[in-house]
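Number of protein chains: 2
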Amino acid sequence: MISIVLIGTGNIATHFFDTFLQYDMLNVLQVVGRRNESLHYFSQKTETCLLSDTLKKADVYIIAVSDDAIPEVSSKLKHVTGLVVHTSGSVSINALNTCKNYGVFYPLQTFTKGKKVDFRPIPICIEAENEDNLKTLSFLAETISDKVYQISTEQRSHLHLAAVFVNNFTNYMYTIGNEICDDHKVPFEILEPLIKETSAKILTLKPKEAQTGPARRNDVATMQRHLEQLKTKDKKQIYKLLSESIQKKYGKKL
Amino acid sequence: MISIVLIGTGNIATHFFDTFLQYDMLNVLQVVGRRNESLHYFSQKTETCLLSDTLKKADVYIIAVSDDAIPEVSSKLKHVTGLVVHTSGSVSINALNTCKNYGVFYPLQTFTKGKKVDFRPIPICIEAENEDNLKTLSFLAETISDKVYQISTEQRSHLHLAAVFVNNFTNYMYTIGNEICDDHKVPFEILEPLIKETSAKILTLKPKEAQTGPARRNDVATMQRHLEQLKTKDKKQIYKLLSESIQKKYGKKL
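Same order as they appear, the protein sequences are chains A and B. FYI, the numbering for the first sequence is 1 to 254, going by my numbering. FYI, the numbering for the second sequence is 1001 to 1254, going by my numbering.
Calculated from the structure, these hints are not laboratory results. The beta-carbon is built from N, C-alpha and C at its ideal position, and this holds for glycine as well. Be a bit skeptical, because a hint or two may be false.
What the hints assert, rightly or not - Ranges between beta-carbon positions, derived for each pair:
| # | chain 1 | residue 1 | chain 2 | residue 2 | range |
| --- | --- | --- | --- | --- | --- |
| 1 | A | Lys233 | B | Pro1187 | 35 to 43 Å |
| 2 | B | Asp1182 | A | Lys231 | 54 to 62 Å |
| 3 | A | Arg120 | B | Pro1187 | 16 to 24 Å |
Unchecked claim - In silico lysine-lysine, BS3-like type, Cα no more than 30 Å apart, as pairs:
| # | chain 1 | residue 1 | chain 2 | residue 2 |
| --- | --- | --- | --- | --- |
| 4 | B | Lys1100 | A | Lys235 |
| 5 | A | Lys201 | B | Lys1206 |
| 6 | A | Lys196 | A | Lys240 |
| 7 | B | Lys1115 | A | Lys208 |
| 8 | B | Lys1115 | A | Lys206 |
| 9 | A | Lys249 | B | Lys1249 |
| 10 | A | Lys206 | A | Lys185 |
| 11 | A | Lys115 | A | Lys147 |
| 12 | A | Lys240 | B | Lys1076 |
| 13 | B | Lys1113 | A | Lys252 |
| 14 | A | Lys233 | B | Lys1115 |
| 15 | A | Lys115 | B | Lys1201 |
Input sequences plus hints: build the corresponding full structure.
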C-alpha cells in the first residue's frame, strides 16, 4: 500500500486523483491546494488543506502544479522524509534536490479538462536517484499504467521537445486546415477521417516512410498553386518552409 | 446497376476495384492499364486491356491515375458517351471537358498499398456539369460510402490544400519527433498514445481551442531551451516559425 499526498488541483492533479481512487493499493491521504475553492471537488472524497498548512506524513508527495510553481512547492517539502516527485516533462529532477528523497513521475499525454482518462495505455516516465525510490515509483506507475519507462532528465527533455512537434505543432496544422476550410465554406468534418488515418498509419509504418504529398513527390506546379491560394503571410511561410524541408529530406534539389 | 470501366492500376484504382466488387449494384466491366504486368491482379477477376485497346461501353469511366497522366487518358475518352470522371483532389473538372459527360469522384483519404480500406467512413467529393450526371455519381458514391459531399472544383482545391496541412505536414511533424527520439535513444513508441489522442481530441474540440504547449502559453524560457536542443537548421527554423505563428494567433506580443 502506498500513501500519497497530492499537491495541485488542476487538470493533471484531478486526473491522477480520480485514477488513484480506483486502486485499493493507493491511498490518497490529502490533496493540497492554493485556494479553498479549488479544493471543493477533492474534499468530498478525502482530506484537503492549503499549501501553508501542515502536510500529512506519506510515502509519496506528488507535485502536480505548473512548472513555474515547482520551486515554491518543493521548498515547503524540504523536511518530509517521503519521496517527493514532480510530474513535468521539462523540469530537471534536480529542481527537487533540496528534498531528502526525490524523483519524477511524468505521464506523457495531453489531458482535457472534464474528459475521463484511462491511464492504462498512457506512458509514465519515471526517474529517481536511488534503487529504493525507483522501486516505489515503478510500483506506483505500474499500478495505474501498462507502459512504464525509466527515462533520464536529459532524455525526458528531448521527449518533451518531440512531443511539441507531434502534439502542439500537429494541432496547429489542424488549426490551419480548419481555417482554410472555414474561409471557403467547406465543412472541416470532411477532413476528420483523413486526420484519424494519418495518425493511425504510423502504428504500422515509420512516419518517414509514410510521407506523401506535393513536396514529397517534388510536384512544383501544385506547390506553386497552393502558395498562391494561401491568403496570410504566416500560412505562406509555413507552407514554404515545411515543403522545402520535406523536399530536402527526400533528396530533391531545390 | 452501374457498369464501370476503371482506368488505372495503382493504389487508388486497386482500392476502388476491391470495393466495387463487394456490391452487386456495381459491375466492373474492364480494368485498363498501361502495361500487361500491372493488370495481373485485376485480370483474375474481370476483363482487362491496355489503354491503346478498344474500351467497353460503360455507364461510368473512372480515371484513377496520377494527375500528370489525366490529359493523356481523357484524350482517349473523347468519343465515349458514358460519364468520365477523375479522382484527383487538385485537378479541375474542366480537365475533362473534351469528353461528352464528365465529372469528379474524389475520395478524401490517404491510402496505403496493401492495407485494406473500408470506404464507408471515407468522404467522397463529387462534382458534375448536369443533374443527370450528378445523380449517377451520387448513386455510385452512396453505394460505397456514408459520407458524400457535393464540392465544386474551387472548394476542392482548398480542401486539397487543407489536406496537405493536416496530413502531409502533420506526418512531417511525426517524422521530426521520431528523429529527435532516435537521436537520443528514446523509444518513439512512447509518443504513440499522445499522437492518437491529439487527433482524437479535435472530434470534440475545435483545434484552435485544443492548442496547448510553450508557444500557446508564451513560455519563452522553454522555447529558448528547445531551440538550443535542436540540432539541425531546418528543425530550428520550423520550431521558430510555428511557435511565433502560434504566439501571434493567441495574441502574445513577440
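Okay, the hints, checked on the actual structure:
At about 38 Å, the beta-carbon gap between Lys233 (chain A) and Pro1187 (chain B) stays in the expected band of 35 to 43 Å. For the hinted restraint 54 to 62 Å between Asp1182 (chain B) and Lys231 (chain A), the CB-CB distance of approximately 37 Å leaves it violated. Against the hinted window of 16 to 24 Å, the Cβ-Cβ separation of Arg120 (chain A) and Pro1187 (chain B) comes to about 18 Å, which satisfies the hint. Taking the CA atoms of Lys1100 (chain B) and Lys235 (chain A), the gap is near 39 Å; set against the 30 Å cutoff, the hint is violated.
Between Lys201 (chain A) and Lys1206 (chain B), the direct Cα distance comes to roughly 22 Å. Compliance with the 30 Å bound is thereby established for this hinted pair. Our distance criterion of 30 Å between C-alpha atoms is met by Lys196 (chain A) and Lys240 (chain A), whose separation comes to about 25 Å. A threshold of 30 Å between alpha carbons decides the hint, and for Lys1115 (chain B) with Lys208 (chain A) the separation of about 18 Å falls inside it, so the pair holds. Between the alpha carbons of Lys1115 (chain B) and Lys206 (chain A) the distance comes to roughly 15 Å, so the proposed pair stays at or under 30 Å and holds.
At roughly 29 Å between alpha-carbon atoms, Lys249 (chain A) and Lys1249 (chain B) fall within 30 Å of each other, so this suggested pair holds. Distance restraint check for Lys206 (chain A) and Lys185 (chain A): the Cα-Cα separation of roughly 34 Å exceeds the 30 Å cut-off, and the hinted pair is therefore not satisfied. Restraint check for Lys115 (chain A) and Lys147 (chain A): satisfied, since their Cα atoms lie roughly 21 Å apart, inside the 30 Å limit. Distance restraint check for Lys240 (chain A) and Lys1076 (chain B): the Cα-Cα separation of roughly 37 Å exceeds the 30 Å cut-off, and the hinted pair is therefore not satisfied.
Between Lys1113 (chain B) and Lys252 (chain A) the CA atoms are separated by roughly 23 Å; this keeps the pair inside 30 Å, and the hint holds. Taken as a hint, the Lys233 (chain A) and Lys1115 (chain B) pair is broken in the structure, with Cα atoms around 38 Å apart against an allowance of 30 Å. Between Lys115 (chain A) and Lys1201 (chain B) the alpha-carbon distance is near 10 Å, which keeps this suggested pair within the 30 Å criterion.
Comparing the model with each earlier hint shows violations of hints 2, 4, 10, 12 and 14; every other hint is respected.
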